[in-house]
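Student: Line by line, the protein sequences are chains A and B. Residue 0 is where the first sequence starts when you use numbering that gives the first Met the number 0, and the numbers rise one by one after that. Residue 0 is where the second sequence starts when you use numbering that gives the first Met the number 0, and the numbers rise one by one after that.
Treat the hints with care, since some could be wrong.
To be verified - Computed cross-link-like contacts, DSS-like style, restricted to lysine-lysine with a CA-CA straight-line distance of at most 25 Å: (1) A:K45 with B:K134; (2) A:K119 with B:K423; (3) A:K28 with B:K400; (4) B:K122 with A:K60; (5) A:K45 with B:K292; (6) B:K265 with A:K3; (7) A:K45 with B:K245; (8) A:K3 with B:K7; (9) B:K245 with B:K182; (10) B:K400 with A:K119; (11) A:K3 with B:K32; (12) B:K122 with A:K147; (13) B:K145 with A:K245; (14) B:K7 with A:K202; (15) A:K28 with B:K7; (16) B:K367 with A:K202; (17) A:K45 with B:K32; (18) A:K173 with B:K134; (19) A:K245 with B:K32; (20) B:K182 with A:K245; (21) B:K134 with A:K60.
As the list claims (entries may be wrong) - Residues from chain B shown here face chain A by an in silico Cβ test under 10 Å; the list is partial: (22) E13; (23) Y27; (24) K32; (25) S158; (26) V168; (27) F207; (28) P208.
Since the hints were derived computationally from the structure, they do not count as laboratory data. Ideal placement from N, C-alpha and C gives every residue a C-beta, glycine not left out.
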Amino acid sequence: MPVKIAGESLNACSGCEISLLDMGENFLKLLEVVQIVHLPLLMDSKHIENLQNAQVLELPKADIGLVSGSIKTRENLQLALAMRESCDFIIGMGTCATHGGIPALANSYTNEQIMTCCFKTDNTDETDRFPTELVPGLLESCHALDEKIKVDFYLPGCPPHPDHLFNLICALEKGEDYVLPEKSVCDNCSAQREGIGEVTNLKRPLELPDWKDSQDLENPDQFKCFIEQGFLCMGPVTRDGCGGDKDLARCITAGMPCRGCYGPIQHQGNQKLGILNALSSNGIDIGSLPEMVSLLRFSGGHGRLRPISLKSRKYK
Amino acid sequence: MARIIHIKPITRIEGHASIHIYLDENGYVDNTKVAFKSLRGFEKFVEGKPAEELPRIVSRICGICPWMHHIASNKAVDGCFSVTPSPVGSLLRELMLTIAHVEDKLLHFFFLSGADFLIGSDKDYSVRNIMGLVKEKPELTRKVVKIRHKAKMILDRFSRKAIHPVAGVPGGFIKPLLEDERKEFLATMSEVLDFVLFAMEYAKKEVFPQFNDQLPGLGTITTGFIGMVDKDGALNLYDGNLCLMKPDGTRMEFDPADYTDYLAEKVVPFSYGKFPYAKVWDEGFSLDSDAPKGIYRSNTLARINVAKTISTPRAQAELEMFREQFGRPAQATLLYHYARLIEAVYACERAIEILKEPRITHTNVRAKATPKAGRGVGCVEAPRGTLIHDYTTDGNGLITKANLIVGTTHNLAAINLSVDKASKDLIKDGVYDEAILNKIEMAVRAYDP
Numbered sequence: 000m001p002v003k004i005a006g007e008s009l010n011a012c013s014g015c016e017i018s019l020l021d022m023g024e025n026f027l028k029l030l031e032v033v034q035i036v037h038l039p040l041l042m043d044s045k046h047i048e049n050l051q052n053a054q055v056l057e058l059p060k061a062d063i064g065l066v067s068g069s070i071k072t073r074e075n076l077q078l079a080l081a082m083r084e085s086c087d088f089i090i091g092m093g094t095c096a097t098h099g100g101i102p103a104l105a106n107s108y109t110n111e112q113i114m115t116c117c118f119k120t121d122n123t124d125e126t127d128r129f130p131t132e133l134v135p136g137l138l139e140s141c142h143a144l145d146e147k148i149k150v151d152f153y154l155p156g157c158p159p160h161p162d163h164l165f166n167l168i169c170a171l172e173k174g175e176d177y178v179l180p181e182k183s184v185c186d187n188c189s190a191q192r193e194g195i196g197e198v199t200n201l202k203r204p205l206e207l208p209d210w211k212d213s214q215d216l217e218n219p220d221q222f223k224c225f226i227e228q229g230f231l232c233m234g235p236v237t238r239d240g241c242g243g244d245k246d247l248a249r250c251i252t253a254g255m256p257c258r259g260c261y262g263p264i265q266h267q268g269n270q271k272l273g274i275l276n277a278l279s280s281n282g283i284d285i286g287s288l289p290e291m292v293s294l295l296r297f298s299g300g301h302g303r304l305r306p307i308s309l310k311s312r313k314y315k
Numbered sequence: 000m001a002r003i004i005h006i007k008p009i010t011r012i013e014g015h016a017s018i019h020i021y022l023d024e025n026g027y028v029d030n031t032k033v034a035f036k037s038l039r040g041f042e043k044f045v046e047g048k049p050a051e052e053l054p055r056i057v058s059r060i061c062g063i064c065p066w067m068h069h070i071a072s073n074k075a076v077d078g079c080f081s082v083t084p085s086p087v088g089s090l091l092r093e094l095m096l097t098i099a100h101v102e103d104k105l106l107h108f109f110f111l112s113g114a115d116f117l118i119g120s121d122k123d124y125s126v127r128n129i130m131g132l133v134k135e136k137p138e139l140t141r142k143v144v145k146i147r148h149k150a151k152m153i154l155d156r157f158s159r160k161a162i163h164p165v166a167g168v169p170g171g172f173i174k175p176l177l178e179d180e181r182k183e184f185l186a187t188m189s190e191v192l193d194f195v196l197f198a199m200e201y202a203k204k205e206v207f208p209q210f211n212d213q214l215p216g217l218g219t220i221t222t223g224f225i226g227m228v229d230k231d232g233a234l235n236l237y238d239g240n241l242c243l244m245k246p247d248g249t250r251m252e253f254d255p256a257d258y259t260d261y262l263a264e265k266v267v268p269f270s271y272g273k274f275p276y277a278k279v280w281d282e283g284f285s286l287d288s289d290a291p292k293g294i295y296r297s298n299t300l301a302r303i304n305v306a307k308t309i310s311t312p313r314a315q316a317e318l319e320m321f322r323e324q325f326g327r328p329a330q331a332t333l334l335y336h337y338a339r340l341i342e343a344v345y346a347c348e349r350a351i352e353i354l355k356e357p358r359i360t361h362t363n364v365r366a367k368a369t370p371k372a373g374r375g376v377g378c379v380e381a382p383r384g385t386l387i388h389d390y391t392t393d394g395n396g397l398i399t400k401a402n403l404i405v406g407t408t409h410n411l412a413a414i415n416l417s418v419d420k421a422s423k424d425l426i427k428d429g430v431y432d433e434a435i436l437n438k439i440e441m442a443v444r445a446y447d448p
């Protein structure tokens with residue numbers, strides 16, 4: 000009997016599912032050993048309302064559940080609960096599922112503020128009410144998956160590398176354990192590090208980093224550490240793995256500093272506190288950061304980002 | 000007794016939407032609603048962020064077309080910081096965008112919509128998908144998987160991150176193209192073009208004839224269209240003016256920066272996505288299926304309708320054949336699929352053209368940008384339609400205001416009308432089955448929302 004896989008995308012962009020397809024021919028290999036029973040992006044399996052209780056959804060039974068996205072609407076929550084019910088093993092797929100991801104940046108604002116910004120603009124016809132019919136209600140916060148359901152495996156990444164998706168599913172299919180490395184992007188970055196850099200004020204990534212031509216990027220050891228150059232790089236506080244089996248940090252080999260898309264190194268870690276520490280110990284004045292909220296741009300779930308209350312604003 | 004049919008969720012599309020069909024006492028369709036159910040709040044939460052970070056944040060709006068958001072965002076930041084991007088950097092952006100169009104079109108045509116035509120719209124849901132195609136047409140499907148992957152891996156190899164890219168920067172592109180890479184990508188894109196031309200011939204035999212024979216007029220409505228054109232009025236996916244065409248074929252062109260003079264957005268009670276409409280037509284907005292007002296469509300069919308010509312030879316030849324058969328503007332909704340393949344031909348040819356430009360390997364890929372106060376409107380064509388990013392920054396280059404009109408939203412009103420049409424044509428006397436409901440979804444899938 001092939002291993003049955005179900006998938007649902009919650010408050011997300013479908014990038015994780017596209018990463019599945021970006022395995023290329025490995026996707027075809029995977030189809031030889033697994034059977035996909037539910038995955039709305041690729042197949043027409045519908046949500047079946049429970050006859051006794053219309054609030055409860057039923058989904059096809061599966062061995063492995065791939066859940067991408069965070070939980071922001073009542074429907075996201077309903078689907079997360081239904082996936083937990085119908086799947087033996089839940090993989091939190093992608094950083095939205097593991098830590099809230101980019102959509103959790105919304106946690107700095109109230110729903111009222113978000114709706115007002117979206118529906119009352121200069122270019123929008125005047126309206127006296129926000130949409131409520133047929134659309135799911137918004138929860139107060141954008142939650143990582145494990146704030147609402149038990150997660151059996153965390154596979155971070157925005158999106159997770161196709162190598163990891165393939166290796167993980169193959170391992171589970173064979174009944175083997177799969178462990179992602181718990182080290183930082185820096186642990187695997189061979190950029191030159193000399194100690195504390197000379198720059199005390201952060202540079203915006205609008206300036207050219209210190210490299211001669213793109214060949215240098217093929218050899219990151221020719222390349223001077225971004226933080227020592229005075230650029231914000233989330234490498235010290237971000238889990239390694241974005242390069243897949245090749246094990247090279249993707250953004251850094253493109254010539255851009257890391258922004259933290261694999262989330263904190265340890266599941267409970269705080270990328271913002273960590274990076275402020277790392278910058279300080281590199282002699283960089285953290286007051287020179289243009290803003291700090293987006294230090295949590297991938298991990299604003301778990302209550303880490305909250306709306307600034309009106310009260311605190313008043314006394315600011 | 001009156002009742003409601005729910006199709007939840009609409010499948011084989013990107014995003015979260017559902018169809019609700021309201022039947023009257025006699026089992027005839029009274030009205031329909033397509034609800035768009037995602038509200039993540041990007042326009043709000045980008046406020047206060049450094050503008051140069053936005054191309055790396057807003058790409059997360061869509062994991063299928065992150066390149067288009069990435070590049071539209073870079074163009075908007077160029078505007079805010081008053082920087083003219085390096086010409087070679089611009090070309091590299093266009094190259095990435097164009098190749099992303101190709102792989103996306105293959106994804107949609109074969110992986111998402113393909114099974115409706117190649118397996119059969121009335122076949123069981125368990126086989127009517129890409130997994131079914133792997134079994135039913137193994138040779139073709141393997142080839143599609145391989146070719147799409149090859150195109151996608153150009154993006155991955157060169158920019159290092161194909162999904163949620165980082166290589167576009169305000170002022171241009173982060174890195175130059177090396178000669179070895181250029182040669183390799185050129186060879187790959189020639190192979191992809193061969194496959195796309197094969198796919199076009201294959202579709203002319205196996206897919207397009209079904210539009211008339213088996214699914215006549217499915218979801219067909221009469222609307223205006225929008226799309227980007229170059230200075231000669233030819234199709235352009237990366238830069239140019241927007242062209243708005245009325246249902247009768249009359250065209251007006253405008254600078255995307257002036258979009259608020261031409262388009263407005265409407266809030267409807269059943270959708271988190273707003274419904275844009277052509278304000279400049281001075282007829283207001285109405286979803287009344289008998290007399291719709293202000294409604295235009297975007298995406299492939301729209302673009303080839305508004306474009307006078309296509310600048311590359313093979314795609315132009317296909318466009319001429321298409322026009323001879325269907326006229327201009329063509330209104331049949333399923334023709335979106337045909338137009339998708341014509342655009343795929345163009346995108347391959349254009350990528351090859353760019354890769355043959357002698358200056359493409361020049362190293363001057365990035366102009367210096369400095370944070371400042373300003374406003375910028377970045378516009379490109381995404382696979383799903385015209386994409387507009389409109390940002391305002393303060394003196395420190397932080398975002399104070401953002402308005403985004405993403406490709407699919409231009410089509411939300413049209414999708415509602417097409418679903419209404421398909422439902423009324425297909426559901427009579429309260430009789431319907433899974434195959435009929437899938438046909439109604441096909442009217443949505445054509446728009447590749």
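Student: Would you mind marking each hint as holding or not holding in the structure?
Tutor: So, going through the hints one by one against the coordinates:
no., hint, result
1, A:K45 with B:K134, "22 Å, holds"
2, A:K119 with B:K423, "34 Å, violated"
3, A:K28 with B:K400, "47 Å, violated"
4, B:K122 with A:K60, "22 Å, holds"
5, A:K45 with B:K292, "33 Å, violated"
6, B:K265 with A:K3, "43 Å, violated"
7, A:K45 with B:K245, "37 Å, violated"
8, A:K3 with B:K7, "22 Å, holds"
9, B:K245 with B:K182, "43 Å, violated"
10, B:K400 with A:K119, "13 Å, holds"
11, A:K3 with B:K32, "34 Å, violated"
12, B:K122 with A:K147, "37 Å, violated"
13, B:K145 with A:K245, "21 Å, holds"
14, B:K7 with A:K202, "48 Å, violated"
15, A:K28 with B:K7, "30 Å, violated"
16, B:K367 with A:K202, "13 Å, holds"
17, A:K45 with B:K32, "18 Å, holds"
18, A:K173 with B:K134, "23 Å, holds"
19, A:K245 with B:K32, "47 Å, violated"
20, B:K182 with A:K245, "23 Å, holds"
21, B:K134 with A:K60, "23 Å, holds"
22, E13, "5 Å, holds"
23, Y27, "21 Å, violated"
24, K32, "6 Å, holds"
25, S158, "6 Å, holds"
26, V168, "7 Å, holds"
27, F207, "23 Å, violated"
28, P208, "24 Å, violated"
Violated hints, listed in ascending order, are 2, 3, 5, 6, 7, 9, 11, 12, 14, 15, 19, 23, 27 and 28; each of the other numbered hints is respected by the structure.
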